[in-house]
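Asker: One letter stands for each residue in the lines below.
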Amino acid sequence: GAVVSQHPSWVICKSGTSVKIECRSLDFQATTMFWYRQFPKQSLMLMATSNEGSKATYEQGVEKDKFLINHASLTLSTLTVTSAHPEDSSFYICSARAHWDRSYNSPLHFGNGTRLTVT
Amino acid sequence: GDSVTQMEGPVTLSEEAFLTINCTYTATGYPSLFWYVQYPGEGLQLLLKATKADDKGSNKGFEATYRKETTSFHLEKGSVQVSDSAVYFCALSTEANAGGTSYGKLTFGQGTILTVHP
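Just so you know, the protein sequences line up as chains A and B, in that order. Position 78 (the first sequence) corresponds to 78 in our numbering; numbering is contiguous. Add 119 to a position in the second sequence, counting from 1, and you land on the number used in our numbering.
Since the hints were derived computationally from the structure, they do not count as laboratory data. On a predicted model such as this, the values are computed, not experimentally measured, just so you know. All residues carry an ideal CB built from backbone N, CA and C; glycine is no exception. Hints should not be assumed to be uniformly reliable.
[What the hints assert, rightly or not] Think about it this way: if two alpha-carbon atoms lie no more than 20 Å apart in a straight line, the pair counts; the simulated EDC-like pairs of lysine to aspartate or glutamate are: (1) A:41 x B:173; (2) B:187 x B:134; (3) A:20 x A:63; (4) A:66 x A:101; (5) A:14 x A:27; (6) A:14 x A:52; (7) A:41 x B:127; (8) B:224 x A:88; (9) A:64 x A:52; (10) B:224 x A:63; (11) A:20 x A:87; (12) B:171 x A:101; (13) B:224 x A:87; (14) A:55 x A:87; (15) A:55 x B:134; (16) A:14 x A:101; (17) B:175 x A:87; (18) B:171 x B:135; (19) B:196 x B:214; (20) B:179 x B:195; (21) A:20 x A:101; (22) B:224 x B:121; (23) B:175 x B:195; (24) B:179 x B:134.
[Unchecked claim] Here are the computed distance ranges between Cβ atoms for each label pair: (25) B:145 x A:61: 11 to 21 Å; (26) A:59 x B:135: 24 to 34 Å; (27) A:40 x B:177: 30 to 40 Å; (28) B:197 x A:72: 25 to 35 Å.
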């Protein structure tokens, strides 16, 4: 149980275009979803937190107009990288907290990540 | 702010060797501590966790003890297998609040690549 599906697993796009990444909880309701970015040989950096039906909370230094997050339903969150540039190339990972996990010390469930390359 | 520091990798071991991956943290408040593992081509998954001082988390032969006095949560396994080859992430979670909603915010270490040879 607690499967998170992330699509696409990899995407190549041209500079200036926008890319949408989907994160779905397949067998549970995700009240909270988190989006992370991972640079090579570096840690996962939290970009934003989204709760279903409300605006995402972005971490300091993350451009909210560049990284649009929508959590329209209890099973789907999307991250749209707008007007992508080569420096946005990275590995993006979503994770979700299940509706039965009320505590902050409950584990998160992760998608397999999306490798974005902007040419 | 919160931070997690892991020993640098990669770590290369022979099968049945003893494994230690060091992890230390700084946090405001009283964090919960986790080890996540990422197998090749897969997403991160929880390996073990501990939520209070002196707790020992264990799973699949791996262990880690929450040491508040040394702010550490080192991962150990007595005898590694080839199938343990993966990237291991130490992480902490503290309670955070936004818009009236409480949630746990995970802070990760940089990850340690483990390769086990037959």
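Asker: All hints are to be evaluated individually against the structure, with a verdict given for each.
Answerer: Comparing the hints with the structure gives:
For a cut-off of 20 Å, the pair hint linking residue 41 of chain A to residue 173 of chain B is broken: about 31 Å separates their Cα positions. Using a Cα cut-off of 20 Å, the hinted pair residue 187 of chain B and residue 134 of chain B is violated, with the two alpha carbons roughly 32 Å apart. Note on residue 20 of chain A and residue 63 of chain A: the hinted pairing holds, with a Cα-Cα distance of about 16 Å set against a maximum of 20 Å. Our distance criterion of 20 Å between C-alpha atoms is broken by residue 66 of chain A and residue 101 of chain A, whose separation comes to about 30 Å.
The straight-line distance between the Cα atoms of residue 14 of chain A and residue 27 of chain A is roughly 34 Å, outside the 20 Å bound, and the hint therefore fails. Straight-line distance between C-alpha atoms of residue 14 of chain A and residue 52 of chain A comes to about 31 Å, which puts the hinted pair past the 20 Å bound. Only pairs whose Cα atoms come within 20 Å are accepted, and residue 41 of chain A paired with residue 127 of chain B is accepted, the gap being roughly 10 Å. The suggested pairing of residue 224 of chain B with residue 88 of chain A is violated, with an alpha-carbon distance near 23 Å, which exceeds 20 Å.
Between residue 64 of chain A and residue 52 of chain A the alpha-carbon distance is near 17 Å, which keeps this suggested pair within the 20 Å criterion. Only pairs whose Cα atoms come within 20 Å are accepted, and residue 224 of chain B paired with residue 63 of chain A is accepted, the gap being roughly 19 Å. For the suggested pair residue 20 of chain A and residue 87 of chain A, the alpha carbons sit about 17 Å apart, so the restraint of at most 20 Å is met. With a C-alpha separation of about 18 Å, the suggested pair residue 171 of chain B and residue 101 of chain A falls inside the 20 Å cut-off, and the hint holds.
At roughly 25 Å between alpha-carbon atoms, residue 224 of chain B and residue 87 of chain A are farther apart than 20 Å, so this suggested pair is violated. A distance of roughly 25 Å separates the Cα atoms of residue 55 of chain A and residue 87 of chain A; the hinted pair therefore is violated under the 20 Å criterion. Of the supplied pair hints, the one linking residue 55 of chain A and residue 134 of chain B is violated, its CA atoms being roughly 48 Å apart against a limit of 20 Å. About 39 Å separates the Cα atoms of residue 14 of chain A and residue 101 of chain A, which puts this hinted pair outside 20 Å; it is violated.
Using a Cα cut-off of 20 Å, the hinted pair residue 175 of chain B and residue 87 of chain A is violated, with the two alpha carbons roughly 41 Å apart. Taking the CA atoms of residue 171 of chain B and residue 135 of chain B, the gap is about 30 Å. The hint is violated against a cut of 20 Å. Pair hint residue 196 of chain B plus residue 214 of chain B does not hold up; C-alpha atoms about 30 Å apart against a cutoff of 20 Å. At most 20 Å may separate the alpha-carbon atoms for a hinted pair to count; residue 179 of chain B and residue 195 of chain B meet this at roughly 11 Å.
Distance restraint check for residue 20 of chain A and residue 101 of chain A: the Cα-Cα separation of roughly 28 Å exceeds the 20 Å cut-off, and the hinted pair is therefore not satisfied. Restraint check for residue 224 of chain B and residue 121 of chain B: the C-alpha separation of about 10 Å stays at or below 20 Å, so the hint holds. Distance hint between residue 175 of chain B and residue 195 of chain B is fulfilled; the C-alpha atoms sit about 11 Å from each other, no more than 20 Å. For the proposed pair residue 179 of chain B and residue 134 of chain B, the alpha carbon gap of about 15 Å is at most 20 Å, so the pair holds.
The hint said 11 to 21 Å for the Cβ distance between residue 145 of chain B and residue 61 of chain A, and at roughly 19 Å that hint holds. In this structure, residue 59 of chain A and residue 135 of chain B break the distance hint of 24 to 34 Å, their C-beta atoms being roughly 42 Å apart. For the pair residue 40 of chain A and residue 177 of chain B, the beta carbons lie near 31 Å from each other, so the given range of 30 to 40 Å is met. At roughly 47 Å, the beta carbons of residue 197 of chain B and residue 72 of chain A sit outside the given window of 25 to 35 Å.
Checked against the numbered hints above, the structure violates hints 1, 2, 4, 5, 6, 8, 13, 14, 15, 16, 17, 18, 19, 21, 26, 28; every other hint is satisfied.
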